[in-house]
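A.B. asks: One letter stands for each residue in the lines below.
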Amino acid sequence: MRRTRRQNLITYLGLSVGLLLVVGPFLWAGLSSLKPEAEIRRDPPTFWPETFTLDNYSELLQRVHLGQAFANSVFVALVIVAGNLLFSSMVGYGFAKMRFRGRNAVFGLVLVQMAVPAIVLMIPQFVLIAKLGMVNTFLGIILPGLITPLGVFMMRQFIAELPDELIHAARVDGAGEFRIFFRIVLPLCKPAMATLGLITFLGSWNNFLWPAVVAQSEDVYTLPVALNILNSHEGTHYNLLIAGAMIVVAPILVLFVFLQRFFIQGIATSGLK
Amino acid sequence: MALLRRGGLGWVFMLPFVLMFVVFYLGPLLAGLGMSFTDMRSTDVADPLAVDPVGVENYIRLAGDEAMRKAALNTAIFVVTGLPLTIGLGLAAAVALNSGIARLPAAFFRLGYYLPHITSIIGVAVAWKFLLEPEAGLVNRLLGLAGLPGAAWLQDQATALPSIIVMTAWRSFGFDMVVFLAALQGIPRELYEAAEVDGAGRWKRFRSVTLPQLRPVILFCTVYSSTGFLQFLEEPLIMTGGGPLNSTLSASLAIFKQFGVGNYGYAGAAATVLFTVIIALAVLQLRIGRAR
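As given, the protein sequences belong to chains A and B, one line each in that order. Per the working numbering, the very first residue in the first sequence carries number 1; after that it's consecutive. Per the working numbering, the very first residue in the second sequence carries number 1; after that it's consecutive.
It should be emphasised that the hints constitute simulated quantities derived from the structure, not laboratory data. Here the structure is a predicted model, which is why all the values come from computation and not from measurement. Glycine included, C-beta positions come from ideal geometry on N, C-alpha and C. Treat each hint with caution, since some may be false.
[Unchecked claim] Covered stretches of chain B (chain A as the covering partner; in silico rule of three or more C-beta atoms under 8 Å from a C-beta of chain A):
#: 1; region: 16-23
#: 2; region: 112-124
#: 3; region: 231-237
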């Protein structure tokens, strides 16, 4: 399509204003978290911090053990990622390359599970976890997330595209299904696993509802849970609150900027197929 | 014939999913439904089978509960206004990015717009609470610089819910944008060229080529987003706690609060109603979307 320079200029201008509105809140919160509390409250406001300080962060770490919560979040996310990578590709392989009675019915269940809202499952799942004695444990937080329907769906789509001949040849050579899965299929799944790993990490890192229900003491709080507690106890100490928000948000921003093509691929594969 | 015909081994590969589904999803789903017909409370967890059945009493109580009705109304307002706003912004951003601007800046803008979607809602809600703070908040200060009166955005019944809706649209539109962008790139150029030959202007081309071609993705975004929007919880929990005077209480937050005070049976009934509404709306949207 032919475009005039003026049209292009208007488009760029609109997009730039939009970008400012989108990124502005992050920038503002990030810069403010580096100001002393008095400067945050000063009128007229300063945009760039007059005095740079990390006091908000160090006070935060002393008061609410956010370091512990950070480590907990990393641990929970890594275990959930590992579980999803292994189990989703295993189940995905079954769906994509094996034929057995009931396969389509089970796949229907995967789709059903995707549609069930978290809030509906929350209470009965909590009662179950309580009966199993897993309240306030990492196991209780991790267990229900070890395999997700989205992961199964993604891996099935990916493995279905792998050439049948490859697997057939291995079967003719007498390789068992598990050997084929671990030696041939898994190594070929690396690109899909990178995307799935990233999406799962993100989901676990940001997940709030379930960890908030299961975790009841500081040694098992994940970051969002700790931030929620901080918010309800120190709701007006904005210097601490925004520093806390930055600790939750910053790692994801960094991951995203470096690995964005995997994110975008993730939407393309999970959202549209 | 590359697929394996033997039956048993396939089920071994299904095991992780089937086990998890039965124990953590199907079981709890049915238990939750059963629970909603009992007077179960948090104190009954030790012996869940000892609770008394109360029939549909929880559901009747639900219909007459002032807070629950308010929550249902707020959720409806949230979806009805937030959904078009989010999809509209996503579509506008996608069309602008696809209008022939250079690749590199387009990728840069796309990255920026998508950012809020992947960040923790708790973190974002805290940052926005700070932005909207009546005295130290940036929004009121910018308004003050422009000589306009500010507002106590989250403390005022009239502005609290709209503020949360705007924040949600801000956070969610990047997802729709990426989906729309992928779809826009799939529209054959010949359609636009033909329309241009016929003398169609920019707006006319958008209405008679772009929009009809995007129908399936718009439907997808509508169903996907409305399912998520119907469950909004973290935003009001962090920003307002559901107040002032329940003006930002959402259905999910109301259920969460009932769970918090130990009314499991009652919360289960409310959750069952919400689930039914979500499924019914999704089916309805798909029907209407496909019929036309």
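A.B. asks: For every hint, state whether the structure bears it out.
C.D. replies: A quick look at each hint next to the structure:
1. 16-23: Our answer is that it holds, as 6 residues pass the Cβ test (under 8 Å) against chain A, meeting three.
2. 112-124: holds (count 12)
3. 231-237: holds (count 4)
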